[in-house]
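Chains as they are written, first to last, in the numbering used here: chain A, 897 to 1102; chain B, 59 to 480.
Among these hints, one or two may not hold up.
To be clear about the criterion: a stretch of chain A counts as covered by chain B if any three or more of its residues have a C-beta under 8 Å from a C-beta of chain B, and this derived list gives those stretches [what the hints assert, rightly or not]:
hint, stretch
1, 942-950
2, 1039-1052
3, 1056-1068
Using C-beta positions, here's what the derived DEER-type ranges look like [unchecked claim]:
hint, chain 1, residue 1, chain 2, residue 2, range
4, A, 988, B, 385, 35 to 41 Å
5, B, 338, A, 984, 39 to 45 Å
6, A, 1050, B, 178, 50 to 56 Å
7, B, 346, A, 941, 39 to 45 Å
8, A, 1012, B, 436, 54 to 60 Å
Stretch-level coverage of chain A by chain B, calculated; a stretch enters the list once three of its residues show a Cβ under 8 Å from a Cβ in chain B [as the list claims (entries may be wrong)]:
hint, stretch
9, 961-973
10, 1086-1099
If you are wondering where the hints come from, they were derived from the structure by calculation, not from laboratory data. Ideal placement from N, C-alpha and C gives every residue a C-beta, glycine not left out.
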Amino acid sequence: VLAHVAGLGTVRTDSDVRSTIGRERHLIDVIPSLPQVPAGPQELSRADAVGDLYRQHATGLVRLALVLVGDQPSAEDVVQEAFLGLYRNWSGVDNYGRVASYLRVAVVNGSRGVLRARRRAWLRPVRHDPPVWSAEAAAMAAEERRAVLAAVARLPQRQREVLALRYYAELSDAEIASVLGVSRGTVASTASRALGVLGSHFKEEP
Amino acid sequence: VKGLEDQLREAYREAADTVRPHAIGDLDLDPGWRAEDTSRAARRRRRGRVLMPVAAAASVAAVVAATAVVVPWLDRGAPAHEGRARHAPVVASGLAALPQYTVLNNGNNLEVVVTATGAVAGRLSAPIGQAFAAITGTAGNRTFLAAADLNPQTSCQALFYQFSLSADGQPSALTRLPVRPLPALPTALATSADGSQLAYSVTKCASGASGQTGSGQPSGSIGLINLATGRITRQWSYTLGEDYTTDLSMSADGSLLGYSNFMNASLRVGRVLAASTPSGPDQGSSRIVIRNPNMTALSTSGSLMYAITGARDQILAAYATASGQQVKVLHRWPAAAQPGPLVIDPAGGYALLPVTATPARRTLSPFIKGRHCLAVTVHNTLMCQQTTPLHTRFISVNLATGTLTTLPFSQTGPVGWGMVAW
Chain A
897 VLAHVAGLGT VRTDSDVRST IGRERHLIDV IPSLPQVPAG PQELSRADAV GDLYRQHATG
957 LVRLALVLVG DQPSAEDVVQ EAFLGLYRNW SGVDNYGRVA SYLRVAVVNG SRGVLRARRR
1017 AWLRPVRHDP PVWSAEAAAM AAEERRAVLA AVARLPQRQR EVLALRYYAE LSDAEIASVL
1077 GVSRGTVAST ASRALGVLGS HFKEEP
Chain B
59 VKGLEDQLRE AYREAADTVR PHAIGDLDLD PGWRAEDTSR AARRRRRGRV LMPVAAAASV
119 AAVVAATAVV VPWLDRGAPA HEGRARHAPV VASGLAALPQ YTVLNNGNNL EVVVTATGAV
179 AGRLSAPIGQ AFAAITGTAG NRTFLAAADL NPQTSCQALF YQFSLSADGQ PSALTRLPVR
239 PLPALPTALA TSADGSQLAY SVTKCASGAS GQTGSGQPSG SIGLINLATG RITRQWSYTL
299 GEDYTTDLSM SADGSLLGYS NFMNASLRVG RVLAASTPSG PDQGSSRIVI RNPNMTALST
359 SGSLMYAITG ARDQILAAYA TASGQQVKVL HRWPAAAQPG PLVIDPAGGY ALLPVTATPA
419 RRTLSPFIKG RHCLAVTVHN TLMCQQTTPL HTRFISVNLA TGTLTTLPFS QTGPVGWGMV
479 AW
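Isolated chain A, as found in the complex (with noise of 0.2 Å):
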């Protein structure tokens, strides 16, 4: 139902939505799947309804975003489109648990797209704050695990996705594999890529 909201023509959504938010408790709470958007008196208005998505989801989703991109600013502009996203195609929605799968996808993709504007910066440069990794951001204290986010900043952009996603979001990898629209053996062998270019770098053998 979600497939084509804002745009995002590579979005999925979950077939098992209820399996999906079991593991990504702490991204995006248990949200009950409703069979569908409250009618009558009660009903949500669409503001409304995308506004309290917002509040309740926005920490775990800046959060993810963060990990993907680096600095909160940019962060917070995926979440806001994401929402906006939904707002926007809110009359294609027919059950809540879709949302939380939908939401997280469309994070997942605007990363994506923000850390490809920047790529382009021969085209048009895209300032953005220094990763919170980074010693200039001074936003984490423990410099092995700064060192280890930056050896992660290196890796291609899929192994930093399945990387996030499994060991940030502690999403399946089945779950990884809906999210980012490749098969279960892709994330699996992905992971074990990135885990053992990470290994070398730190040492430690895969």
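Here the structure of chain A is known, so what remains is to put chain B in place on it, guided by the hints.
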């Protein structure tokens, strides 16, 4: 690999912790035009940097026009409901009945303002490395309690303080309350009239003592502290993950708590919770009074819950806490005004409400000159962008009549939780 995986988890968690829930901007569902580099990220980057000293006559005109539309509303009464007469503007003498001092919180310091004149009577800085997150006042308008948090990027602690005002409004030094620091971020504070009971709401930091936020575990709680002993006597954990309230209130005798939070993903509710209820999940311990409130506050007696509802027109009304029935509509706000936390006068006669008027937030002009003009490129054309500065004004509402009074002070920036106390 196991070690590396753990390192990744810890690193991601620490990075995620740098996002403070209350530092996330509001959702803007009407972004208007979206030109190049006008994103929230760009706006933040510009913050603190030198603005190009150029003016935009058209932008200024737009701002003035927008302000002219919104601000007058703040200065006049509005019909509470159909058939009700408009309230006449209230003269300054009406301010005399309000609490003498209003305490404003901008995070780094607290500002004591004379309510009737807007004069600043005193200031109190947050302890080094801390930021004030919430404040609340006791009866008499002289003793205030505050919650502060340590920088969650390096630590995660909620600390509680008390201070008092002299007759001329000078604040005393901050005194740490005899309460152990909590490994969490404070989101709201309320106290009984005599200041013997302090209720707080906290949300846990992702890397706090309890481990990562969520994972099926409650992410925060409402607690009750007996200030005579410094002991936490009750703790009601939020039932939903990443849920917390920002509008905690308490009846004068400390027997009832009022707050709003989510019942599920889509429904926000206003609740009352008896302070005598044993600790446990909040949903099972409290009772729903109203559905879909934006903001709530208990009356001093606890028999009424005042709530602001609605998305476009926002309505302030009183509801019976016993039945949930609407008792009285007090006021109606137009769409352009965004109300903030509702503070009830400890004497019970008035409500204090910060309101941010949000007219045209960004304007573009081809006239690249003047102050506060940021040059941006739109379709390869240099334009002047001016962002209307958000301004929060403070109003009082007579809870008996609904009469509105604009208070003679304001703050730059949008409304925020814990920003004001009586």
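Going down the list of hints, with the structure as the test:
1. 942-950: Since three or more residues must qualify, the claim that chain B covers the stretch 942-950 of chain A holds, with 8 doing so at under 8 Å.
2. 1039-1052: Answer holds; 6 residues pass the 8 Å Cβ test.
3. 1056-1068: holds (count 5)
4. A:988 <-> B:385: 35 to 41 Å: 39 Å, holds
5. B:338 <-> A:984: 39 to 45 Å: Hint holds: Cβ distance 41 Å, inside 39 to 45 Å.
6. A:1050 <-> B:178: 50 to 56 Å: 51 Å, holds
7. B:346 <-> A:941: 39 to 45 Å: Given range 39 to 45 Å: violated, Cβ gap about 20 Å.
8. A:1012 <-> B:436: 54 to 60 Å: 21 Å, violated
9. 961-973: holds (count 9)
10. 1086-1099: holds (count 4)
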